[in-house]
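Asks: Given next are the chains, with one letter for each unit.
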Amino acid sequence: MTAMADASAPAMLAVRDLKKHFPIRKGLLQRAGGTVFAVDGVSFSIAAGETLGLVGESGCGKSTVGRTVLRLIEPTAGHIEIDGRDITHLSKTELRPYRRQMQIIFQDPFSSLDPRMSAGDIVAEPMRVHGTARGGDVRKRVAELFDRVGLRKAQMDNYPHQFSGGQRQRIGIARALALQPKLIVGDEPVSALDVSIQAQVLNLMMDLQRDMGLAYLFISHNLAVVEHISHHIAVMYLGRIVEYTDKRTLFTKALHPYTESLLLAVPVPDPKVKRQMRVLQGDVPSPITPPSGCHFHTRCPYVFDRCRSETPLLREVKPGQLVACHLR
Amino acid sequence: MASIDIVPGPADIVRAESVWSKIRYHAAAHPLGVVGAAIMAVFVFAAIFADLITSYDPIKTNSLITLVQPSHAHWLGTDQMGRDIYSRIVYGARISLAVGLGSTFLGCVFGVALGLASGYIGGWVDLVIQRIVDVLQSVPLLVLALVMAAALGPALDNTILAIAIPLIPYTARVIRSNTLTLREQPFVEAARAVGMSEFRIAVRHVLPNTLAPLIVIATAQLGAAILTEASLSFLGLGVPEPHPSWGRMLSESAAEYMHTAPWLVIFPGVAISLAVFGTNLFGDALRDILDPRLRN
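Line by line, the protein sequences are chains S and D. Position one of the first sequence corresponds to residue 1 (our numbering), numbered consecutively onward. Position one of the second sequence corresponds to residue 1001 (our numbering), numbered consecutively onward.
One chain only, chain S, in its complex shape (with noise of 0.2 Å):
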């Protein structure tokens, strides 16, 4: 799949048939009782200084690829690359210098954050693990960080609880940033903060890229931050993805049936448009018992016989866009 991302632009990651199954063990004996087809066969790539964003309904596998990519959790099959390194089947020593290049930053500003230490110790850690600063250094630094994110010098000695969810995930951002990765996964970064904050986090985000020429897996279900912060996204439904573009041509020509179910959900602000809503039957199918041939064909409004046994390829159907459905 490397017509997914520029050619021109070198990838900063690239996922190839990434997969990722986890075994459900019931009873005393430990017995595999099935298996949660999490992730089933992604394959995406990211240049510097791009945002892909990553979207689906919760339960997807989405939040799985993120965590997958930065190895927090091992992946089944496939491989991840990063800045044209292979790391999938490093070990934990060897994998310690590559994790300086990638970092994540989470959903939940309360829980990601230690409440016994300090905001400043907390951003400090990475350099301390790493020794990229020592001494009075890393006070320096984590000032400077600080400073980066819109938070002041003098709340480096606060505590986590004294900060207000917004300012938190700043936080988050200045500890994803000491070591000066070239990746970071957000995963719903914005998702748990009011809407008012949601903006100036995301501008932030986006200063930041600029900047540094960050490459960003931007995780969410929110259709409207995506658009706002993404240069292509990627729609996954059931542990795969069904169509991949730029931003513009999702929002516009988006060619797959969910994609275009997920477009007509979005709520429009204006009360005098008046649109047709399909609202998508049921609920989305267990991961453990997956539908055969295309995931989305019991909830598809286009469904015919073939849907239903073979499955359809991610391909290009126009320059740029990728979508997996046997009807493009």
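Calculated from the structure, these hints are not laboratory results. Don't take each hint at face value.
Said to hold, decoys possible - Now the in silico label distances, taken between C-beta atoms and shown as ranges: (1) D:V1109 <-> S:R85: 42 to 48 Å; (2) D:V1203 <-> S:D17: 35 to 41 Å; (3) S:H161 <-> D:I1132: 50 to 56 Å; (4) D:Q1080 <-> S:H161: 57 to 63 Å; (5) D:V1216 <-> S:G135: 35 to 41 Å; (6) D:I1023 <-> S:Q180: 24 to 30 Å; (7) D:Y1025 <-> S:M212: 23 to 29 Å; (8) S:E260 <-> D:R1200: 46 to 52 Å; (9) S:M212 <-> D:A1041: 52 to 58 Å; (10) S:H161 <-> D:L1180: 20 to 26 Å; (11) D:A1028 <-> S:F22: 49 to 55 Å; (12) S:G34 <-> D:W1124: 18 to 24 Å; (13) S:L95 <-> D:A1041: 40 to 46 Å; (14) D:F1277 <-> S:N222: 54 to 60 Å.
Ideal Cβ positions, reconstructed from N, Cα and C, are used throughout, including at glycine.
Put chain D on the given structure of chain S with help from the hints.
Replies: Leaving out everything else, chain D in the frame of chain S:
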């Protein structure tokens, strides 16, 4: 692994200068904690300077002055053997504090180590440690103390050990259950994403967050250990005669002299109650002070 030497920055120096003002600040916020600390300080002082603040030998018997009422000569009276009760309580503080602090410390150190390893590593390590904890828990304290006294002879260190062992499973279980919740927290995942070793995560992020229940357990155990020592000594399994132990002073005299010479019962009882009361008050305040969320 990178060193974690933390050289004091400007703000650290400011903090170091104001230790006394910090203590004053916390003392003002926790008046009951100050009472607890004062009570404990008095007992520690008594234990250390027992020779200087008593005028009678706590062990020597004197048949001429048995069961003397509290008076100018014997502030808290004398017992059935003519020994000065005040002296015995002061010297008894040594034994009670040694047993209380010693067994609590041992029980907590091993309990925390087992609980943390069990909860954090999980898998078969958890399984094995939990079965060890089950075995420890299934041994009744009295039987254990009896066996140890029979095998090793009644002595202070054996008593401390016998009281510490039943504390281990209790502490281990509480710490394990806390660790199970903590290890799934995103801040632990963040440390992992940074490349921190699992051991360091357990010590730097999980352990400090189990401090609150640990302090509650420890202060409760301190009082309980003093009481347990009392019952063991009463059965002849604890600290041997003639060394003064609050517990034995209380239990030996309770039935016989409650009506005729109540001072034999009241004063050791007051000493035990005060010690337990003091440690609980101090422990509560300490838990609040050490929790950044409860600070202003």
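Asks: A separate judgement is required for each hint: does it hold in the structure or not?
Replies: Results of checking the hints against the structure:
1. D:V1109 <-> S:R85: 42 to 48 Å: holds, 44 Å
2. D:V1203 <-> S:D17: 35 to 41 Å: Cβ of V1203 (chain D) to Cβ of D17 (chain S): about 38 Å, so the range 35 to 41 Å holds.
3. S:H161 <-> D:I1132: 50 to 56 Å: violated, 37 Å
4. D:Q1080 <-> S:H161: 57 to 63 Å: For H161 (chain S) against Q1080 (chain D), whose Cβ atoms are near 58 Å apart, the range 57 to 63 Å holds.
5. D:V1216 <-> S:G135: 35 to 41 Å: Holds - the Cβ-Cβ distance for V1216 (chain D) and G135 (chain S), about 37 Å, lies within 35 to 41 Å.
6. D:I1023 <-> S:Q180: 24 to 30 Å: The hinted range 24 to 30 Å is violated for I1023 (chain D) and Q180 (chain S), with Cβ atoms some 41 Å apart.
7. D:Y1025 <-> S:M212: 23 to 29 Å: At roughly 41 Å between Cβ atoms, M212 (chain S) and Y1025 (chain D) fall outside 23 to 29 Å, so the hint is violated.
8. S:E260 <-> D:R1200: 46 to 52 Å: holds, 49 Å
9. S:M212 <-> D:A1041: 52 to 58 Å: holds, 55 Å
10. S:H161 <-> D:L1180: 20 to 26 Å: holds, 23 Å
11. D:A1028 <-> S:F22: 49 to 55 Å: holds, 53 Å
12. S:G34 <-> D:W1124: 18 to 24 Å: At roughly 23 Å between Cβ atoms, W1124 (chain D) and G34 (chain S) fall inside 18 to 24 Å, so the hint holds.
13. S:L95 <-> D:A1041: 40 to 46 Å: violated, 52 Å
14. D:F1277 <-> S:N222: 54 to 60 Å: holds, 55 Å
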